[in-house]
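Sequences are here, hints too, so could you generate the full structure?
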Amino acid sequence: MKFNVNTISQDALPWIIEYDSSKCMLCGKCCAVCSFQAIKVDVQKRKKIQAISNENGFSIDSDQKAIPVIKQVIDEKHFCRGCGMCTKVCPNGAIKARRNKTEIFGTRYRAKTAQSVKRGGRNNLHCEKRTLDKIKVGRISQMTDPSLDALRHTFDIRTNLGRILSPDKLNFSVCENELKINGNMPVNTSIYPVIISDMSIGALSPRMWEAIAIAVAYLNEVKGIPIRMCTGEGGIPDRLLKSRYLKYMILQIASGHFGWNRIVNALEYMKEDPAGILIKIGQGAKPGDGGLLMAQKNVRLIQEIRGVPHADLLSPPNHQGLYSIEESVQKMFLSMNCAFKFRVPVAIKVAASSTSVSVYNNLLRDPYNIVGGFFIDGMEGATGAAHEISLNHTGHPIVSKLRDCYLSAVKQGRQGQIPIFAGGGIGMNGNLAADTFKMLCLGANGVIIGKLILQIAGCVGNDYGKCNACNTGCCPVGITTQNPKLTQRLDIDTVAQNIANYIIASDIELKKLLAPVGNSSLPIGRSDALISVDKNVADRLNIQYAC
Amino acid sequence: MCRIGAIKSQHYIHLSATLKLMRSQQKGYDNSGFAIVAQDLGGIFEKYKNFPILSLAGNNKAVEITEKYTQSLGFSKVFQYKMEVNNNEKLNIEPLENYIFIAYEYPKNYENSTKEQKENLLLDTRLKLRELLSENDDGYVYSFYENVISLKEIGSPVDIGKYFNLFGDKVDIKAKILTVQCRQNTNYDIVRYAAHPFFLSGYTTLTNGENTFYEKNKLALKPLYKGYIGFESDSQCFLYTLHYAHKILKWPIEYYKHILTPLSWDEMQAREDKEVLTRIRMSMANFEINGPNATIGVLPDGTMINVMDSKKLRPVVVAKDKDIAIITSEITGVNELLPNRDINKDIYTNERETIVIDNNLNIKRIKQ
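These protein sequences, in sequence, are chains R and A. 58 is the number that this note's numbering gives to position 58 of the first sequence; each next residue is one higher, with no gaps. 1114 is the number that this note's numbering gives to position 114 of the second sequence; each next residue is one higher, with no gaps.
Read the hints as simulated data drawn from the structure, not as lab findings. Be aware that a few hints might be false.
[As the list claims (entries may be wrong)] The following label-pair restraints were derived from C-beta to C-beta distances:
1. R:T355 to A:E1116: 41 to 49 Å
2. R:Q412 to A:N1059: 38 to 46 Å
3. A:K1061 to R:N184: 38 to 46 Å
4. A:G1230 to R:R365: 24 to 32 Å
Quick reminder that beta carbons are idealized off the backbone N, C-alpha and C, glycines included.
Below, the structure is given as structure tokens:
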């Protein structure tokens, strides 16, 4: 028997379909729902041989028939991502995907296609307990400082975005025993300490993006939680630009400058200022790499918003023409500040790196006081599309980097002057409030979250190789796809409600942490509230070790 | 818990008034210490009002080091008073060998110096002496300033009073402003420098409670001024923030409250001065306290103030009669000193006000 051993086989795929034809009622729902076309209807030949005894002894009866079955597609494009949609729709539990623990697929894929492996999601090297999980809130108020009542007490959960002047630089004068403002000072605004991070229209389906925007507007206007969302690179719909809801949006400008034509043209029609401008230099999931929007997701609507033709959209890894921090401050920050007449805080987002402290120090010393926020994104951050090698093998954890930046500012007496927003794996264990609280105590002014929001919306991807196919445009739950059939799966109202609910629940939980440490406002930099049960973590972060 | 008290009088009153004020509040503290700062001095110090007085406690070597160092700077001693102690009884106290107040004449080259320059010299001298005396734990310098003395010790307040003969008229030290605290700060080590009232260049504070934003405060304050040192107690932050806001930033005293316990963002938005208040809150986020605290302060001009934490109040009462105003932790203390006052005029400071008592004992309640 001859067969080709060099083609990819089922046991090399990352997920293996387990199908029980005896339970299958041939409804075909699994094939219809599979956005990756990883399963198909096939026909199998079945032959049944029976020996039947008779008066002559026995005779052989052969029953041969063809039966329809569900079969896994075995190739490098349509491989199963384990999203589980087939299991979800199967009325009889006849089909499921099983994770194949052998890691051979990447090797086969590269060997066959001469392409790097691309995907979305977070890095898949999540095998250790996270640093944040080794930290506990250990300074509980007892007797000397009574704990607060999380349900009855009022809490002031606000942080700020925008450049903060040291008290002696405030442009005040005393007039009849009152302080008066003499002249201009950098803009700063009071916001909730959680920002929904930059996920663009394009990376997300318009329905998903809209659901986030609805949730943000609801939280602000109905629940009084002043949360902000960042648009991501790629602009925002024209109608939103000219609406009063723009005030909840932080507009992003990244190295591809996608969407900025439309934003600039809308400037004179804006009813409200945006909440901020975020200049993206890098992101934690793929540091040193630019944005990546595959052509299959760059549909007509996205082309219109971004002002681009139908093609793969690859943002350069850096902002062309910016070669130093000083230059970046002068050119880009100043022009962004000018564009919005110095009424809108302008912040920078960088991937966490061994060099982050130097960058932060440089910005802190900027004499023009125009950098209004420092967003650092750690390697546990997610992405809609990246080369897997970037995801798995580049980057820097966020926790120690945040701490280093904060303590470096303390050393100069400049803590808080450029608010730090830290991200990358925040809420990865499902608990946003706990992560936020700990990051605040370590010196963050706030956190940024992305992947968590998608998981709230129904994303099935996880850090053990499940799905993570955001780059393909085939998102099975309508979140990271532009395919109209797939986007219809996402119910905007339900998703908006779930996001709002989650944030409201987190707000309650945040109070449940503030109360026992006896604080009614945010404990930014209050690292004495934390302990670590890991000596190395405690030493590295300069917090108390407890065992 | 600490018990704190402050007496502001139109006439000189004896140091023993502090013991009278605090004895009835005894159930509120743990007998671990007693400290007094007396300002606007009378009695034996009345003649030396314009001379800086060094408050020193320590062994004989501390006295020697102090004399040598102050001489080297050109200070000349004009008066010295050593506290007579009572060694006869068995008392709960950890005494040192000497408790001395030394009034100096400024060095000759400071004759034409400004007040600021002189204050700077006194501060530098105190800080250096503190460093010299700490090397071998020889002694402590609590204050070096005109018209001010400080006395602190570890032990039972009543026993400390007996030890220093403060009951009765034996010691002729009087003052118009007396601040006093019972109990050492036991959240941290029991050390003399952790005992309030704390004093810096004319400013005094004493605080009851726990400053839960101590670490943030400390990190923010430390680099701002050479005098912001020690931090043996979280309550020192209150003094340094007061000094920074009032002396260095030169902001009116009303803003001290806005720094310590700013209004919530929502409340600020309803205010005409929201822009100023927002700027203060943002720029001074690291100076904010988060309670529970009651703080009493004295400004260089003798004005006495009281502010509270905005949510978990510590006890405090403000009361006065014609000649004396008192701010203290418990009403029992006031009743001892001002039994005939109109109690209807007693004030229980609320979470959003600053009490200001001027030199004529007029009490202003400033709403935040």
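(request) Hint by hint, work out which the structure violates, then give me just those numbers in ascending order. (result) 3
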